[in-house]
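*Asks:* Residue strings, one per chain:
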Amino acid sequence: MLRKETNGEERRFDRDEEEDEEENDRGLDAWERTYADERSWESLQEDESGLLRPIDNKTLYHAQYRRRLRTATAARVQKGLIRYLYIVIDLSRAATETDYKPNRMVVVARQVEAFIREFFDQNPLSHIGLLTLKDGVSHCLTELGGSPESHIKALMGKLVCSGDASLQNGLDLVHSLLNQIPSYGHREVLILYSALSTCDPGDIMETIQKCKSSKIRCSVIGLSAELYICKYLCQETGGSYSVSLDESHLKELVLEHAPPPPAIAEFAIANLIKMGFPQRAAEGVISICSCHKEAKVGGGYTCPRCKARVCELPTECCICGLTLVSSPHLARSYHHLFPITPFDDVAPTVSSDPHKVPKNCFGCQQSLLAPGNLPGLSVACPKCKQHFCLDCDIYIHESLHNCPGCESFRHSKSQ
Amino acid sequence: MTPVASKIYTDDVSLLMVLIDTNPFFWNSINSTLSFSKFLSNVLAFLNSILLLNQLNQIVVIATGYNSCDYIFDSAASQNHNQRAENLLQKLEDFVHKDESLCRDDSVDGPGFSLLSGSLSMALCYIQKVFRSGPLHPRPRILCLHGSPDGPGQYVAIMNAIFSAQRSMVPIDSCIMGAQHSAFLQQASYITGGVYLKPQHLDGLFQYLSTVFATDLHSRSFLQLPKPVGVDFRASCFCHKNTIDMGYICSVCLSIFCKHHKKCSTCGSDFGQPQTQDSSTPDRKRKTSVDK
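Line order of the protein sequences matches chains H and P. Everything in the first sequence is counted per full-length UniProt numbering, starting at 1 for the first residue and increasing by one. Everything in the second sequence is counted per full-length UniProt numbering, starting at 1 for the first residue and increasing by one.
Just so you know, these hints were derived from the structure itself, not from any lab. C-beta atoms are modelled at their ideal positions from N, C-alpha and C, and glycine is treated no differently. Please note that the accuracy of each hint is not assured.
Claimed, not checked - Listed next, the in silico DSSO-like pairs over lysine-lysine satisfying Cα-Cα at most 30 Å (straight line):
#1 K293/H with K227/P
#2 K383/H with K129/P
#3 K79/H with K263/P
#4 K359/H with K91/P
#5 K307/H with K241/P
#6 K79/H with K227/P
#7 K274/H with K262/P
#8 K307/H with K259/P
#9 K385/H with K129/P
#10 K58/H with K356/H
Claimed, not checked - Between beta-carbon pairs, the in silico distance windows are:
#11 F131/P with G50/H: 52 to 58 Å
#12 N48/P with G50/H: 35 to 41 Å
#13 E93/P with E118/H: 42 to 48 Å
Bound-form chain H, shown alone (with noise of 0.2 Å):
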């Protein structure tokens, strides 16, 4: 978490120390320092027939992606899986800055929007709402709710940006909405904050506090720059605090918000949570749709309590409030319970020897030799010794969440 938290200040220091060293050496300014040190045309390699080969940043993404997962998978953390998330958007005068193009507000706006598709898709049990932050009050955009497109159409609406930004009235909006859920879900906020200051009708310290004994977690992402406040409001809530660079940056780091965090037991009281799984029904059935109100033909679903119809999952339905999922959607959830090992990286000593190293990736067939017949890179798992290439190695962990190798022997130790 504290990584998380002093990312986007790290990488500032180090370019700021980087340029103060060198202007004192050399007086030149940053952008003849680009043409005298950094010669990039020098980097360009031809292979034999002549083309340019690609400029190989396989091994530095690589390494970045090892350092994130060795961070995520550090032990077997309890998840919290049922979550109700509430996104604040500052629409303040700030978010009409054009440091971001075209404009701070359509791009927070694009990004939450992928966002939200993210988050339904690895929680699908969850709940969204969208808040704004506007003129010195605080309002809300959309109900907490299961389905990705009412939100997204709201966000695709017509946003207005005018007046200061509240964080207390904010916070508290926030905490009078999620007083109301079950006791079993797990209470978050994120945050983000593209304004400078804050406009209060009170004392916000004393909101924090509150915030913190309601067990709401409170994350922040900052679009300018580094406050204190947020820092504060994120250390007492627990949550993380992060400041984004240029959009790419901002992508990742609201990306990171997804998958669900570590949980505090304490913050949720484990509960069973009463679910139906309804059936599909047949091709050619007509019935009247509870939440469209009109007669659809064939399709949809019938809840096993009230059998009443239903037109997507996952929902609560409209007649007698059951939750309906379906078993997929349960599925999309085990991963985070059942998350795989991390592989090892091959030492250079081994890879080298070609009895000991099989010359193609387990999963994709591509050779793990470099061009040349040099030993290339290449990671194994450590419970079947399957070797895997680099690319392999990220899809497996980012997307499958399946080890091929151990999959596929009957006999492994996985098994």
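Could you slot chain P onto chain H? The hints should help.
*Replies:* Then chain P, alone, in the frame of chain H:
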């Protein structure tokens, strides 16, 4: 390797990953009405016809065995260029012998299940490699020729593979050779937008394969393909393994139970009071008696 500019990837070029079930316990049991050699001759004719449909079509065959899985044939590999699909037979025979030698169980009850999750994972890794090769590539899909019953221990791994295929927009088609339907493959085909088929007359397998599974993804929008019939999305409870349509879910580990317990048997969490009404929607609920 020919440079990319000379290949013209129109939208009807496909990459077909075929997962062949070689479980010997299934092929020798009464559940199978087709012999393995007849099955192979139908499949080889089908694979050759795919290669003839378009010069750039590519086929990769992975064998799903009882103890292991492996790549058998890749039509794009340099030694297989312009070769017919019969060239896979030697490698398939080697695989079957190796699979048999890995067998550690002395006796197996019934047909046993084959390692579908392993071959699905390998197929998806190969497809990711194709996606990485650049902006021009054939459109991939997976065809499972499966007969063994579903192994319940593979549920989580197969669902992970299905969701990953859904995200990469790779359809998983299935053709069932055995006597009973496969719930896992029905869900796979439904979720990824593929075709699920259980042929009634296995003697005419080639006809089913060439009319249903041979067309490329672009042309599927013009065809009437077999529609999914009653996909069962109900869950099974962890205590009795019965299929239930209403149950209780542990909020910590998402285990499913058919009746109220004091403690979760999977994660050990103690539960609070049984909730008879949802506290989140008090105004929308009708006042009914205590539900069970």
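*Asks:* If a hint holds in the structure, say so; if it doesn't, say that too.
*Replies:* Going down the list of hints, with the structure as the test:
About 27 Å separates the Cα atoms of K293/H and K227/P, which keeps this hinted pair within 30 Å; it holds. For the hint pairing K383/H with K129/P, the CA-to-CA distance comes to about 24 Å; that is within 30 Å, so the pair holds. Straight-line distance between C-alpha atoms of K79/H and K263/P comes to about 19 Å, which keeps the hinted pair within the 30 Å bound. A C-alpha spacing of about 18 Å is found between K359/H and K91/P, which places the hinted pair at or below 30 Å, so the restraint holds.
The suggested pairing of K307/H with K241/P holds, with an alpha-carbon distance near 24 Å, which does not exceed 30 Å. The straight-line distance between the Cα atoms of K79/H and K227/P is roughly 39 Å, outside the 30 Å bound, and the hint therefore fails. Taking the CA atoms of K274/H and K262/P, the gap is near 14 Å; set against the 30 Å cutoff, the hint holds. Straight-line distance between C-alpha atoms of K307/H and K259/P comes to about 21 Å, which keeps the hinted pair within the 30 Å bound.
For the given pair, K385/H sits about 21 Å from K129/P by alpha-carbon distance, which is consistent with the 30 Å threshold. Between K58/H and K356/H the CA atoms are separated by roughly 24 Å; this keeps the pair inside 30 Å, and the hint holds. Hint check: F131/P to G50/H, Cβ distance near 27 Å, so the stated range 52 to 58 Å is violated. For the pair N48/P and G50/H, the beta carbons lie near 39 Å from each other, so the given range of 35 to 41 Å is met.
Restraint check, E93/P to E118/H: a C-beta distance of roughly 46 Å satisfies the suggested window 42 to 48 Å.
The structure does not agree with the numbered hints 6 and 11 stated previously, though it agrees with the rest.
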